[in-house]
Every structure is written in structure tokens, then in C-alpha cells.
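Asks: Residue numbers (this note's numbering), protein chains in the order written: chain P, 1 to 313; chain H, 314 to 626.
Please keep in mind that the hints were generated in silico from the structure rather than gathered at the bench.
This one's a predicted model, so the numbers in the text were calculated from it and none came from an experiment.
A virtual CB, placed ideally from N, CA and C, is assigned to each residue, including glycine.
Do not take every clue at face value.
Below, in silico cross-link-like pairs of lysine to any residue (SDA-like), each with a Cα-Cα straight-line distance of 25 Å or less [as the list claims (entries may be wrong)]:
{"no.": "1", "chain 1": "P", "residue 1": "K40", "chain 2": "H", "residue 2": "A422"}
{"no.": "2", "chain 1": "P", "residue 1": "K40", "chain 2": "P", "residue 2": "E80"}
{"no.": "3", "chain 1": "P", "residue 1": "K40", "chain 2": "H", "residue 2": "E424"}
{"no.": "4", "chain 1": "H", "residue 1": "K353", "chain 2": "P", "residue 2": "E80"}
Not the full set, but computed from the structure, chain H residues with beta-carbon under 10 Å of chain P [stated by the list, open to error]:
{"no.": "5", "residue": "L383"}
{"no.": "6", "residue": "G418"}
{"no.": "7", "residue": "N419"}
{"no.": "8", "residue": "A422"}
{"no.": "9", "residue": "A437"}
{"no.": "10", "residue": "A442"}
{"no.": "11", "residue": "T576"}
{"no.": "12", "residue": "R578"}
{"no.": "13", "residue": "A580"}
Number of protein chains: 2
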Amino acid sequence: VVVGGGDDAAVLRPSPGADLVATTDTFVENRHYRSAPGTKLFTPRLIGARLARANLSDLAAMAARPRWALLSLGVRPEHELDDLIELETGLGDALAHDGAVVAGGNLVAVEGAEWLSLTLLGEATPGRAWQRVGARHHDLIAVTGFPGRAGAGARLGTRSDLAPRAEWQPLIDAWVRPDSRVRLALALASLEVVTAAIDISDGFAGDLAHLCEASGVGAEVDATAWPEDPLLMRAAAALGMEADALTFGPSDDYELLLTVAPTGRAACEETARKSGVRLVFVGSVTGHAGTLVHLDRQGHERPLTTTGYDHFR
Amino acid sequence: VVVGGGDDAAVLRPSPGADLVATTDTFVENRHYRSAPGTKLFTPRLIGARLARANLSDLAAMAARPRWALLSLGVRPEHELDDLIELETGLGDALAHDGAVVAGGNLVAVEGAEWLSLTLLGEATPGRAWQRVGARHHDLIAVTGFPGRAGAGARLGTRSDLAPRAEWQPLIDAWVRPDSRVRLALALASLEVVTAAIDISDGFAGDLAHLCEASGVGAEVDATAWPEDPLLMRAAAALGMEADALTFGPSDDYELLLTVAPTGRAACEETARKSGVRLVFVGSVTGHAGTLVHLDRQGHERPLTTTGYDHFR
């Protein structure tokens, strides 16, 4: 940062020969952060950190090094200054964890719902940023973390008819305090075996469809390769949902979905193990453009949809 | 733009050896764009163009070349799609006029007031971006355009007790359709005589104070050097205000305030003339840090304040 806040604009000096990677994401009060009445899951610090993680996830999905952020806040005039400082602290700490800083921004007064909008800039080696396009027939499909947990946590944390249970805490945490995948992404990128990537903030099936559409390929996901998540299954039962609807459907997971050249699997697994991040190979890329297939545990092929699959069809 | 919208983030390729200049600005419905009841001064296209101009003004004040923008929109679900397209067209056209494009963004639903937030990235030669710091004793002070006109237009355009008059149109236009000063700024920067710069979106006196504070200097503004603006004086009378309060006070003018090495005056005037932009030299920088003086037409020294000066003091 050559010139930071307090001038008309911030002046930033990119690394020589670096491409710039830019993303923007916005949280709206009562929509992107809310809790069941009587509970207080989101502190200002956690809201700030989560907005940072949402943007960091977009850069992770491009294998970009986070560098600079600009924050816009729309707050009601009566907003406590201490809470704003807490929010900026949570956001700043989450950015600093991955090497980025807030370089500027602005504040406007609003009367209704508050909102916070972050623009995050990163750097990538020219021509080496991961994209959604690039997946090839026979590539393997891998995913980080425990997809579906954040969506389960969001449902458990906002439904006032469900009593809180200590065992749900990992699901609540997946929603409220998502981890960063930036370091893993940068480590994996250096292996040069990832052919395409996307973050699954819209849900595994939906974002796999986006990646396949951009790459002009299809995908086959194998249930037997996907370790069961007993906690998620218990949450699905408590919520009256299919576990597959949580795993594959719309969620708030900031996890990475990658396609990997077949020869690169072992190296990716070793890198993920060293990073302490779960990385599971769950299927492969096919030549049937636009066709997403789910092989269930009984070996039956069904269309993979964002609602899992419908038993009554 | 190497990778545009539709991926997790945009990938941008800066010019080799360029510094990046980044700004963000937000408009909130009924606050940054509104008209008197029964009038319709702001079309969606004009709102989009004005948000672009607000951000472009920050880059002009840094002498940066505009390149890429990211747009975040918070809109009510019932917002007409055609109006959104008009807004993006107005914004895109205003950016294109100065060489910039929208490279990404996002859209969220809101229930209360709508808002639009733009982050604009530009490039500058390393170490050559204008800043607020840099003004030196004996430098000259210059300002573009007709400061105060936008503020007069905003008051005339929002007060329902004042009948519209055709003669106010240039004032309304100064508010609704501000010009870009980017081309002039780039032309002036190439002369290498501007020592500090700021845009006067907070008003002439307030932003002159910001520049003086950053530079550790004072300023003397000479009323006899400042051409009278008869239209602004008539508007002040109609509004029941002092003309000086409009000229020096809080306004919505996206004009440039520059300090210039004394030897650079003629070259700046010639460049402005060629650009078709009014540039007036209105005073000089003094060594009295923090002291802003107004020499009135009778040669009396008074403190320069954001309310002009108070006759009854």
C-alpha cells in the first residue's frame, strides 16, 4: 500500500508481472447474518470475519494471493462505534491471516437494513489463475471440507422451534466461522495439476454444474467414494430433510471444488494432509456435456440435482 | 480483462510497472439521488452515470487512468429489470468515456432503501499519483468548473416550495450530470507542475482544509481572482443563502482543487483551455499551517469557512 486511507483513493503497487484478481461480496443484515430469536451466534467480529472469508473463498477458487481490500459500510446512525470497530477488527484479522489488508473504503448512513460490501484484490501469476473452464474428460473431482455442514448449521441456528444441542456446534461453526482455503489453494496451485476450480458457496451440485457448463463436460459423483458424515445425517433427521439435500443443495459452505489431472491425485492428497484440510476425491469428469450423474451406494445411477434425488419420482 | 464476469473473480492484467489506484463510493436511494415530489430529475441511466463520475472524480484527483470497476447492487426484488439495465448502461457509458469497464460485481436483494456501490481501479505511473500531501509555500491554488453550482442545483431540485425555472438548468445539470475531469487531470499530470490535488466533493473550503492539513500548509483565497458567477448569485438569492456559502460550503461538485508550482500556471491554463474545462487560479499556499484566509473584494482578510463568512460576527 503506497497511499492508504485518507486520500481520494488508495495507491497499491502490484508485484511485477502479476495479474490482478478482483472479487466483491456483500452481506445484508437479517439475510446473510442472523440468528434464532434469543440466541446471539453472530458477534460483530464474526460478521466481519465471515465477510472476509466469503471474499477470500473467491480468491482461493482462483488460486490468487489476497492483497488489498476496500470496505463499504451502510450503517444506521445509531450504530455503536465499538461494534463497528469490532467488525473491522474481525475483518482485518481474517484478511491478515491470508496476507491481505484493508486499503480504503467508505461509510454511508442507511435507515433500513444495514449492509457491508467488501472488494478484495489479489495477485496471480499471469495465465495461471484457476478458472471454471479447463476441466477435461477423465479428470478427477475433489472437494474440501464437509459440504452441507454450513447449510445444516444455518438451518439449526435460525429455526426457533429446535432446541440448541451441544453436538450441533461443529455445524454452527461451519456456518458462522468458515475456515479459509487460501493457503491450501496456493499450495495445490504450485503442483500444477488442478485443471478447473470453483467455490461451492451456491452448493455442491449447483456449482459443479457451473464448472461443467463452463468446461463443456459432464460429471459422475460416486457415493461410495464420499465418506459418510454421521453428524450431518443426524442433523438432516432433526431437520426433517434428506442428508443428500444438505450435501448437494444450496448451502453456505466456502469450500473448494476442484478438477485434477488423474496423475495429480496423490500429490494433492499429500498437500491437503500437510495443510490439515480434508480433501476428498468424489468422482470424475465425463465427456457427456451438461450431464451430472450420482452413483448411489447400491450402484444405481441417478441424476445429481441440488435437492439430492427424489425417492418418489 | 483476462477473465471477466461469470467466474469466482475477475482477472485483470495491469500495465507493467503501473501502480494501482483504488476507490469505492456508494449511493443510497433517497439520499444520494432524489428529486422534489412530482419532478423526475434522475433517470436510472443518470444515476448510474453519476455513480461512475463520483468514483472517476477520485481517480482524477490522483491523476490515475481508470481501468476496471466492480459493481455491487442492493435492489428490491420488484425492481424493474429494464431499469437495472438502464442504470448499468449509464454507468458503463460513463466509465467507457474515460477508458474503464465493469469487470465484475454482485447483486443482493434488499427490502428498504436501495443502494449501489462501485469500486473503481485505475493505474498510475509509480510514485507519480497526485496526493493531498505535497503543497508547498508559494504554490498557486486552482480549481476547475463552477464550485457551488451542484450544491445549488441539489437544493433547487429537491425543494418542493420553489417553482422550477428554465434558468436553473445549468445548476441542476451540475448536480445531476457532473462532467468528468479525468482527461484534464491526465493532461495536467503530464506537465509535472501539480504538487497536490483533491476533489471537492465535500465542498471547496472543507477539502482545501483537508489538503492543507495533509501538506502542513495554509492557504489564502482571493475573491478578486475568482470570477463572479451571476447565475449562482441569483440562485443564492432565491434560496435565501449567501453565495459564498454555496461556493465554499458542502456541495456535490466533482471538481478538482490543485496546487501548482508558480512557474506552471501558464502551461496549466493552456492545457485547460485545450480541454475545454474552466480552470481558475484563486489563491496561493502560505506557510501558516492550518490557516485558511479569504481576501474579500474590499481587500479585507477573513477566515475562510465552509459557511462563507458570517456578516454578523
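Asks: Are the Cα positions of K40(P) and A422(H) separated by 25 Å at most?
Replies: Between K40(P) and A422(H) the Cα gap is close to 24 Å, so the pair holds against 25 Å.
Asks: Do the numbers back the hint for A422(H), that is, is its least Cβ distance to chain P under 10 Å?
Replies: holds (7 Å)
Asks: Is the interface hint satisfied for G418(H)? The criterion is a beta-carbon contact with chain P at less than 10 Å.
Replies: holds (6 Å)
Asks: Would you settle whether the hint for N419(H) is holds or violated, based on the nearest Cβ-Cβ distance to chain P being less than 10 Å?
Replies: With a closest approach of 6 Å, the N419(H) hint holds.
Asks: Under 10 Å, Cβ to Cβ, is where A580(H) needs to be relative to chain P, so tell me if that hint holds or is violated.
Replies: violated (23 Å)
Asks: Sort out whether E80(P) lies within 25 Å of K40(P), counting only the CA atoms.
Replies: holds (17 Å)
Asks: Is the interface hint for A437(H) satisfied, with its Cβ closer than 10 Å to some Cβ of chain P?
Replies: holds (7 Å)
Asks: Is the hinted pair K353(H) and E80(P) satisfied, with a Cα-Cα distance of at most 25 Å?
Replies: violated (36 Å)
Asks: Given a cut of 10 Å on the nearest C-beta pair, is the interface hint for L383(H) held or broken against chain P?
Replies: This interface hint holds because 4 Å falls under the 10 Å limit.
Asks: With a cut-off of 10 Å on the beta carbons, see whether A442(H) makes it to chain P.
Replies: The hint holds - A442(H) has a Cβ within 10 Å of chain P, the shortest such distance being about 5 Å.
Asks: Less than 10 Å between beta-carbons is the criterion; does R578(H) satisfy it with respect to chain P?
Replies: violated (23 Å)
Asks: Taking 25 Å as the top limit, are the C-alpha atoms of K40(P) and E424(H) close enough?
Replies: holds (23 Å)
In the structure shown, a violation is registered for the earlier hints numbered 4, 11, 12 and 13, in ascending order.
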